[in-house]
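Peer 1: Got two chains here, separate frames each, mind docking them using the hints?
Each chain is listed here by its residues.
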Amino acid sequence: MYDFAYHKPKSVADAAAAVKKASDGKLMSGGMTLIPTLKQRLAHPSDVVDLAGVSDLVGIKVDATGVTIGAMTKHADVASSADVARAIPALAALAGGIGDRQVRNRGTIGGSVANNDPAADYPAALVALGATVTTNERKIAAEDFFKGMFETALKDGEIVTSVSFPTATKAAYMKFPNPASRYAMVGVFVAQTASGPRVAVTGAGPAVFRVKAMEEALAKSWSADAVANVKVPAEGLNSDIHASAEYRAHLVTVMAKRAVAAAG
Amino acid sequence: MSTSVDVTLSVNGERVARRVEARRHLVDFLRLDLGLTGTHTGCEHGVCGACTVRVDGVIVRGCLVLAASLDGATVETIEGLTESGEIADLQTAFVERNAAQCGFCTPAMLLTAADLLSAAARDGAVPSREAIREHIAGNYCRCTGYHAIVDAIETVATARAGKGRS
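Chains as they are written, first to last, in this note's numbering: chain A, 1 to 264; chain B, 265 to 430.
Derived from the structure by calculation, the hints contain no laboratory data. Remember, predicted model here, so these are calculated numbers, not experimental data. Think of the CB as a built atom: it goes at the ideal place given N, C-alpha and C, for glycine as much as any other residue. Check the hints yourself; a few may be wrong.
[Said to hold, decoys possible] Computed far set for chain A versus chain B, every beta-carbon distance over 10 Å:
| hint | residue |
| --- | --- |
| 1 | P9 |
| 2 | M32 |
| 3 | P36 |
| 4 | Q40 |
| 5 | G59 |
| 6 | N105 |
| 7 | E151 |
| 8 | A180 |
| 9 | S181 |
| 10 | R210 |
| 11 | A224 |
| 12 | R258 |
[What the hints assert, rightly or not] Facing chain A, a subset of chain B residues (Cβ under 10 Å, in silico):
| hint | residue |
| --- | --- |
| 13 | S274 |
| 14 | A286 |
| 15 | R325 |
This is chain B alone, in the form it adopts within the complex (with noise of 0.2 Å):
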């Protein structure tokens, strides 16, 4: 039994087919034969957040996921996330706010703020400040001590829950 399995899935709506080794993680997987940095590794071993994609419409640890398992799968990272627009007024808010120093928890967090906006969008709720930290609780962030990250996220579901009831 040979231990590379064949593929194919969607990223960022692209349609890949690759033969991965059945130890390639999904992180590894998207930076090194895919060229998509914007995910990152962080402890690799499923406790800081950083590695933070989407796979079928949830988010996941993505160091902990078998690129292997993924045939048929639909992922999505920050490159896609970023391209279709859809948290440009989170990503602006995340400036604004300074919610981002050395930035290396930065896409993950997005991802999961993302994640708890379609929630909150799906609920017709604004979170609670107590809610989105406990939302985010599996992202890391070591500079800025998550206030303007809460802030950011806060801004961005008040203005989104504005808009939709106008």
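Next comes chain A alone, as it looks inside the complex (with noise of 0.2 Å):
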């Protein structure tokens, strides 16, 4: 890890002036990407800063509408919320399943959002369930947020503070884990809304898309075989030693159907 100076505001507005400040600042909130990613030098930040200090950005607001999770709050604390368990079940569920314990109590949503790994979980919810993201500057639709691989629609310096949850009629989530890591090789986010049926996919391509073929297929019936029947191309799929494109893209049908089938 190279050297850089660190920073731990208390503030959002001082957070933002002190990544505006450095030369080249880079936000941490889990840290669990950012610090092995400083590890292999992948990333050569002049300064650090810190949103661990800033208080105002953790916490779960649940009411009629929908749930609001403040970007700093961690992992096992949206999976362990009882409120959380009884407005969207399934988004408590997924975020029990992030990664493994440890990283649980240190990752944050904000964080998980802000860098849209392709096989980050969160990005599914967000989609299918119409989530926004709010940051220090502007609300934005999520999926207007994830533009591609490790990229959002976030400014230099823009900092997440919430995401906003409405609630759905039905929802869950299934994923296919990655055995060592439990990162989602396939993820499929279903959820009932009240626009409609959507179907989120995340870990199968650069970043999370929409299966508007499923959705289809569910308007006219939820059931898990209205989406057994549903391909979804190869192409553009990722592939690596853990599973091809086409071995993936055959995984977002048999998750899609488990995730019909546990959302009732």
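Peer 2: Below you can see the structure in the form of structure tokens.
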């Protein structure tokens, strides 16, 4: 790890100012991706601005319309929240399946969405439920937020402050985890939302994407059988030693079927 | 702006004040600066779990936590848990069940098992073998095949629940 200056501001405004002032500043939330990246010398920021001191960014609010989760709220706290489990049980279950216990105790929702790892779990929930990402500057619809591999709509130094999820009539998330690290080789989040069924896939492609053909099939009939015959083309999907693009394409349908069945 | 940071924290109940490089991770801090070598570095990028320590009451990957971020924190390591006697029964069970072979993963495995056992005590339930395997999923052991480790943890969970009832 190269040297860097370390800052631990207590407010979002101070954090934004610290990043702006730095020649090449980097925001850190839980550090579960940034620290390994620094160790591998894939990043060499002049300054690291740790958001762990900004207590305003921690917390879960649930009301009749949905769930709002502060950016620095840890996966473990979302997973164990009785309020989240009541309002959107699929979201609590998703958080409880991220990585392992040690990672869930440090990793945060804000860090996960801002990093937009192609195998991250949260992006599927955001896109399927039609969530809104709030930053220190604006609100961004989930579908406009995730742009591509590790790429989001965030501008340099813009800070995710919370994520708001509307409730859904039905929802479930199923993933085929990498056996060693538990990231989603393929994860599918299905939701029956106010605007109809939505199916969002993570892990399979460079970034989260919706499968409109499955959504149309579910609009006609909400059943596992409805998505069983919808195949996703392998072209453009991720391919590595763990799974070929063809296998990932196959898993999308399998996980979608399981998710619809689990959603009931 | 300096690349070093002053931190004051509690390590195994003792107050520690040090100036650390911002890039120093917690396990290097424990091992190199404090001489607490029970916590191990295996993969050093958050996969193997050999670096597991307790920070503010929850288990974390020590190799993915910057020491600079721990001003005011409470850190507990295998040395502290051993000294307090909190996991004496677990350590005995690991020996009896032959749950340690080379021993490299063992301190971290004990920390994670202790985490599960305290959660189980709060819930008043004995975790299933599946739940034990799930809880230790972030700790790799390349010797035992895990079976003996699950045996040891299950033994202690059952014994502790028995004591709670009597």
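Peer 1: The structure should be examined with respect to each hint, and the outcome stated for every one.
Peer 2: Hints and how they fare:
no. : hint : verdict
1   : P9   : holds, 12 Å
2   : M32  : violated, 6 Å
3   : P36  : violated, 4 Å
4   : Q40  : violated, 7 Å
5   : G59  : holds, 17 Å
6   : N105 : violated, 4 Å
7   : E151 : holds, 22 Å
8   : A180 : violated, 7 Å
9   : S181 : violated, 6 Å
10  : R210 : holds, 30 Å
11  : A224 : holds, 24 Å
12  : R258 : holds, 18 Å
13  : S274 : violated, 17 Å
14  : A286 : holds, 4 Å
15  : R325 : holds, 5 Å
Against the hints set out earlier in the document, violations occur for numbers 2, 3, 4, 6, 8, 9 and 13.
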